Amino acid sequence: MNFDKVLDVRGMACPMPVVKATKALVGMSAGQVLKVVATDSGSVSDMQAFAEATGHELLASEVLGKEFVFFLKK
Amino acid sequence: MGAAEEVAGLDASIARRIDEAVARKVEEKLAQLKPKGPPSMTIIATKGTLDWAYPPFILASTGAALGWDVSVFFTFYGLNLLRRDLAMLKVSPLGNPGMPMKMPFGPQWFRHINWNIPNAVQSIVPGFESLATSLMKQTIKNKGVADIADLRAVCIESGVNLIACQMTVDLFGFSQSDFIAEVSEYCGATKFLPMAQKADVSLFI
Numbered sequence: 001m002n003f004d005k006v007l008d009v010r011g012m013a014c015p016m017p018v019v020k021a022t023k024a025l026v027g028m029s030a031g032q033v034l035k036v037v038a039t040d041s042g043s044v045s046d047m048q049a050f051a052e053a054t055g056h057e058l059l060a061s062e063v064l065g066k067e068f069v070f071f072l073k074k
Numbered sequence: 075m076g077a078a079e080e081v082a083g084l085d086a087s088i089a090r091r092i093d094e095a096v097a098r099k100v101e102e103k104l105a106q107l108k109p110k111g112p113p114s115m116t117i118i119a120t121k122g123t124l125d126w127a128y129p130p131f132i133l134a135s136t137g138a139a140l141g142w143d144v145s146v147f148f149t150f151y152g153l154n155l156l157r158r159d160l161a162m163l164k165v166s167p168l169g170n171p172g173m174p175m176k177m178p179f180g181p182q183w184f185r186h187i188n189w190n191i192p193n194a195v196q197s198i199v200p201g202f203e204s205l206a207t208s209l210m211k212q213t214i215k216n217k218g219v220a221d222i223a224d225l226r227a228v229c230i231e232s233g234v235n236l237i238a239c240q241m242t243v244d245l246f247g248f249s250q251s252d253f254i255a256e257v258s259e260y261c262g263a264t265k266f267l268p269m270a271q272k273a274d275v276s277l278f279i
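Chains Y and S, in that order, give the protein sequences.
Going by the working numbering, 66 is the number at position 66 of the first sequence; the sequence numbering is gapless.
Going by the working numbering, 177 is the number at position 103 of the second sequence; the sequence numbering is gapless.
Source of the hints: derived by calculation from the structure; they are not laboratory data.
Only a predicted model underlies this, so the values are computations on that prediction, with no experimental measurement involved.
Check each hint, because a few of them may be wrong.
[Stated by the list, open to error] In the SDA-like style, the derived pairs of lysine to any residue whose C-alpha atoms are separated by at most 20 Å in a straight line are:
no.	chain 1	residue 1	chain 2	residue 2
1	S	K110	Y	G42
2	Y	K74	S	P112
3	Y	K23	S	S166
4	S	K211	S	S232
5	S	K215	Y	G55
6	S	K108	Y	K23
7	S	K121	S	V257
8	S	K110	Y	G55
9	Y	K20	S	P129
10	Y	K20	S	D224
11	Y	K23	S	K121
12	Y	K23	S	G233
13	S	K211	S	S166
14	Y	K20	S	S232
15	S	K215	Y	G42
16	S	K217	Y	T54
With the rest of the complex left out, here is chain S:
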């Protein structure tokens, strides 16, 4: 065998060994990068009306049902969703053009009417918001959608981490006794953001 052939054979063998070693190393590194444990989700809940109470609790309970680790950070008006008494949650069609105004009772043709009530009229009629709220509650019941207290109970039962923003608790003059005992933590954005950073899904509602 000539010297040139020997060198070529050696080169090929080295190249093969390097390829094998690199492939093995990449596999090892990928295994280390794979997430350990279940997927996680963090939600920031900022709204305190009956309609906007739904998205965070629906998404949190669904995430928990999928086996995810879920934490919800309630801040600003979202704190209302942690209060002991949820009866104060209301919905207002005033300045809310996306909200259909349909009656939850009567014959089908009547139920399908979308009542286009001008803002000026809504604002001047006393009790309009309470009326809209009770109509929405009836619609929710008719359609088999769970009420907020039930959905919140499901979240608690399935281990969703309910976190209250301490700054807004102070800002609005609340005290911890206004909220349900299941609030797992009172903390600030500095504590929450690193949790959101590690989460697979992070939502602002």
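Only chain Y is shown next, with the shape it has when bound in the complex:
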């Protein structure tokens, strides 16, 4: 999937993945896609809820071994 920016939050626990994602999205323009790579197992449900609450679109989420990858469209 195409993306405009990558955010590496591997090794970080709640709430940092969501906090960092917010920060990363601030610097992006509408329609751009942020790829987030996390290892926090809680991030799967958190990213979904984050997208619903903030109006960003969660295009896809994948599990790659111990990593969770999310694509958020601003």
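Dock chain S against chain Y, hints included.
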């Protein structure tokens, strides 16, 4: 057309007009009642230990990340979370049966042992609290959980309103210079409660 039919037709027409007017009025009123602006959350933080420092800062920073207006009222021991120097925050396993005592180092089998140390022993060993605190800090680091100073900085950066309870500042003999400059307000319950009343989420920690 008979008079009776005319009256029935008129009744039906009036009933229809009333239904339309009521529906329109209800829509108008509902639109007025809908909250304007983002959701809001107020938190009362009352605990001053390392473990209990986490919930208010985690919830506040998460709320801010969701775009909410967040205010935290720090009162009693919670004031410690606003001090310039957070190194004094400690955790005590004494009288805290919910706290697992596990070692943050060594092989996995060793890390999984829950050390069941009697309160009597904990209370008599000098420096037990400092030991428990440094073990917890190591566990926090190992698990990738942010430290309190970082979480507090995130809250400040994301616009969380940090409020100190003036009464407890006076009670404990603190002065405003003990606290970080980012404290937005020193006030009392009378100022805070109306804020909590208007909030969508209000928590006591």
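Proposed proximity, G42/Y with K215/S (alpha carbon, max 20 Å) | 18 Å, holds
20 Å Cα cutoff - pair K20/Y, P129/S = At roughly 18 Å apart (the allowed maximum being 20 Å), P129/S and K20/Y satisfy the hint.
Mind checking the alpha carbons of K217/S and T54/Y for me, to see if they're no more than 20 Å apart?
-> 27 Å, violated
Do the alpha carbons of K20/Y and S232/S lie within 20 Å of each other, as the hint requires?
-> At roughly 11 Å apart (the allowed maximum being 20 Å), S232/S and K20/Y satisfy the hint.
Holds or violated: K211/S to S166/S, with C-alpha atoms at most 20 Å apart = Roughly 12 Å separates the two Cα atoms, so the pair holds.
Does K74/Y pair with P112/S here, judged by a C-alpha cut-off of 20 Å?
-> 18 Å, holds
Pair hint K121/S and V257/S, alpha-carbon separation not exceeding 20 Å = 17 Å, holds
Given the hinted pair K108/S and K23/Y, is their alpha-carbon gap at most 20 Å?
-> Given pair K108/S, K23/Y is violated - Cα atoms ~28 Å apart, limit 20 Å.
Given hint G42/Y paired with K110/S - CA-CA distance at most 20 Å | 31 Å, violated
Is K23/Y within 20 Å of K121/S, Cα to Cα?
-> 29 Å, violated
Sort out whether D224/S lies within 20 Å of K20/Y, counting only the CA atoms.
-> Between K20/Y and D224/S the Cα gap is close to 12 Å, so the pair holds against 20 Å.
Given the hint that K23/Y pairs with G233/S, does the C-alpha gap stay at or below 20 Å?
-> Measuring from Cα to Cα gives roughly 12 Å; hence the hint holds.
The structure does not agree with the numbered hints 1, 3, 4, 5, 6, 11, 16 stated previously, though it agrees with the rest.
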